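Chain order of the listed sequences is P and R.
Numbered by this note's numbering, the letters in the first sequence go through residues 1 to 307 in order.
Numbered by this note's numbering, the letters in the second sequence go through residues 308 to 609 in order.
By construction, these hints were calculated from the structure, which means they are not laboratory data.
Hints may contain errors.
These stretches of chain R come out as covered by chain P in the derived footprint (C-beta under 8 Å, 3 or more residues) [stated by the list, open to error]:
hint, stretch
1, 331-339
2, 377-391
3, 394-400
4, 408-420
5, 528-534
6, 543-553
7, 567-578
Just so we're clear, the structure is a prediction, and the values are computed from it rather than from any experiment.
The beta carbon of each residue, even a glycine, is placed where N, CA and C say it ideally should be.
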Amino acid sequence: MGLFTRIHPANLISPANPRTRASHEPAWVRVALVTAGLLVIGLFLIVPLVAVFINALRDGLGTYWNAITAPDARSALWLTLITAGIAVPLNTVFGVAAAWCIGKFEFRGKRLLVTLIDLPFSVSPVVSGLVYVLLFGSQGVLGPWLRAHDIHIIFALPGIVLATTFVTFPFVARELLPVMQSSGNEEEEAAIMLGARGFTTFWRITLPKVKWGLIYGIILCNARAFGEFGAVSVVSGHVRGLTNTLPLHIEILYNDYQTAAAFAVASLLALLALVTLAIKSWIEWRAHLAAVEQQSVTHAPPGGNAP
Amino acid sequence: MPILLKERSILPGFSLSLGYTMLYLSLIVLIPLSALVWKTAELSWHDFLVAVTSKRVLASYYLSFGAAAVAGAVNVVAGLLIAWVLVRYRFPGRRIIDGLIDLPFALPTAVAGITLCTLYAPNGWLGGAFAHGGAIGSWFPATGWAAEHLYTPENRELGGIKIAYAPLGITIALVFIGLPFVVRTVQPVLENLGPEMEEAAASLGAGRLRTFATVIWPEIWPAVATGFALSFARGVGEYGSVVFIAGNQPMKTEITPLLIITKLEQYDYAGATAIAVMMLLLSFVMLLAIGLLQRFSRLKGV
Numbered sequence: 001m002g003l004f005t006r007i008h009p010a011n012l013i014s015p016a017n018p019r020t021r022a023s024h025e026p027a028w029v030r031v032a033l034v035t036a037g038l039l040v041i042g043l044f045l046i047v048p049l050v051a052v053f054i055n056a057l058r059d060g061l062g063t064y065w066n067a068i069t070a071p072d073a074r075s076a077l078w079l080t081l082i083t084a085g086i087a088v089p090l091n092t093v094f095g096v097a098a099a100w101c102i103g104k105f106e107f108r109g110k111r112l113l114v115t116l117i118d119l120p121f122s123v124s125p126v127v128s129g130l131v132y133v134l135l136f137g138s139q140g141v142l143g144p145w146l147r148a149h150d151i152h153i154i155f156a157l158p159g160i161v162l163a164t165t166f167v168t169f170p171f172v173a174r175e176l177l178p179v180m181q182s183s184g185n186e187e188e189e190a191a192i193m194l195g196a197r198g199f200t201t202f203w204r205i206t207l208p209k210v211k212w213g214l215i216y217g218i219i220l221c222n223a224r225a226f227g228e229f230g231a232v233s234v235v236s237g238h239v240r241g242l243t244n245t246l247p248l249h250i251e252i253l254y255n256d257y258q259t260a261a262a263f264a265v266a267s268l269l270a271l272l273a274l275v276t277l278a279i280k281s282w283i284e285w286r287a288h289l290a291a292v293e294q295q296s297v298t299h300a301p302p303g304g305n306a307p
Numbered sequence: 308m309p310i311l312l313k314e315r316s317i318l319p320g321f322s323l324s325l326g327y328t329m330l331y332l333s334l335i336v337l338i339p340l341s342a343l344v345w346k347t348a349e350l351s352w353h354d355f356l357v358a359v360t361s362k363r364v365l366a367s368y369y370l371s372f373g374a375a376a377v378a379g380a381v382n383v384v385a386g387l388l389i390a391w392v393l394v395r396y397r398f399p400g401r402r403i404i405d406g407l408i409d410l411p412f413a414l415p416t417a418v419a420g421i422t423l424c425t426l427y428a429p430n431g432w433l434g435g436a437f438a439h440g441g442a443i444g445s446w447f448p449a450t451g452w453a454a455e456h457l458y459t460p461e462n463r464e465l466g467g468i469k470i471a472y473a474p475l476g477i478t479i480a481l482v483f484i485g486l487p488f489v490v491r492t493v494q495p496v497l498e499n500l501g502p503e504m505e506e507a508a509a510s511l512g513a514g515r516l517r518t519f520a521t522v523i524w525p526e527i528w529p530a531v532a533t534g535f536a537l538s539f540a541r542g543v544g545e546y547g548s549v550v551f552i553a554g555n556q557p558m559k560t561e562i563t564p565l566l567i568i569t570k571l572e573q574y575d576y577a578g579a580t581a582i583a584v585m586m587l588l589l590s591f592v593m594l595l596a597i598g599l600l601q602r603f604s605r606l607k608g609v
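Work out the full structure, taking the sequences as your base and the hints as a guide.
This is how it looks when you write it as structure tokens:
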């Protein structure tokens, strides 16, 4: 079985773990599997990604520029920035608090709390928007009171912010929690025993340890806040220039058959997605390097790929 | 410590952080979700049943659940393949591919929606090839087995395969959205699989296929099942990436989340709420299933 590999040692596709030859597939199987995997990725991920940019530029740079600088597009961008600017910090503060109490302490009901924090992930975006309409809409639980006091939540900025906050609720907590748990309590306990105040301990000891998990959570939260469509579309009311976020603006342009303009605005969000993925990969690469470095400092070179 | 039994710790800030967590969780998630239950309680049992079992609603469940299940199954195969290739082999561009897997998470659903619709529309790059008279579509004439079983009524007259504005297009959008779930749940489990068991299997004379079936698969199936459940749950509730490609014809290509919006726009709050409660119940069932799967795989020590 291994014979074929030995004849062609300079294969482009090599096994990840060259030491254990017994558990290798023959080279043709490897080539076939990698080709099939790349075909799936090409068809389902790369073609759509490329299509966004080609469609955005198909009517030329002028159309592209006009589409992204049109007044409606600018007000949509502004609204999206405000929304993310409120929702992301709110969820970041929550994420830090939740990760601190869940990651550093043992208490009853912890499992249930983690499940509840994950809840918005498993709720359909449309349902997420709907619950706020049922709460604050004219027919809603608080509707009559809000109308009496002339407060507008649904079809206005507060509704959009609330729906976005709901949908992006778990991101920071979710990414921060495992890092907080695995970083251990010993250093914090030492700092407290030496007389450091709680906030100082968090700022000087905990934050540097969990920094990358926090940044990771924030960029994921931000990407979703910029791109949320279903929940926002239920609560926004689609008032042009007033309650349209970027994704809703894209929908309107697309349904107006202004395809190139829709893709021009979409390409901005696609760029944001690519930047998000790049930062994410970079953070993972750093974590990987740090782990390898630590391993080579404390141990002899690792034997297999098992930890 | 009076209500929640907490283990002793010298670290500060427990009551403050837990209190804030509970307050914020209640304000943003729990109270709004309870409004859903509140509104449903205003309905009589009979009205509720009528609202969630009308013909149009049943057709939308059939479509949403069916498309999400098929997409989940496709993602199990494609996701397992990609996870395997990324973990087991080294090839040029592997790191970039690995980073790109999360694209469906990061790309706004509306962008995915208009892109997939443009690609798979009858005049699009991919849809054109499958449409009547296209490179692949011409292999599917208007008569014969495929026409009997696979086509939508329009295709039965024309031939070719219609992707956008048909259930097939919805399924493709859900495959796009759900693919990272399977890859990202299977990948770490495959990475942590030590080589010893496989070496033992090989030294006992098992081929690679047999080793996979008897040694690797029993270790990874809970992760695969979790990936399927996540992909399925996301697919049933998905709106943005599907609504453009779906076609949105009542009884034919109308997904359940869109039906909620339609009812809302017709001021049928009771109907929208009833369907939403059904979807929320499904979310809870899926959460429970995923929790059980994870507990099961933890017991196995994977």
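Comparing the hints with the structure gives:
1. 331-339: It holds: at least three residues are needed, and the stretch 331-339 of chain R offers 7 whose Cβ sits within less than 8 Å of chain P.
2. 377-391: Holds: 4 residues of the stretch 377-391 of chain R have a Cβ under 8 Å from chain P.
3. 394-400: Our answer is that it holds, as 6 residues pass the Cβ test (under 8 Å) against chain P, meeting three.
4. 408-420: Since 13 is at least three, the answer is holds.
5. 528-534: That given contact is violated, which follows from only 0 residues of the stretch 528-534 of chain R lying within Cβ reach (below 8 Å) of chain P.
6. 543-553: holds (count 6)
7. 567-578: holds (count 5)
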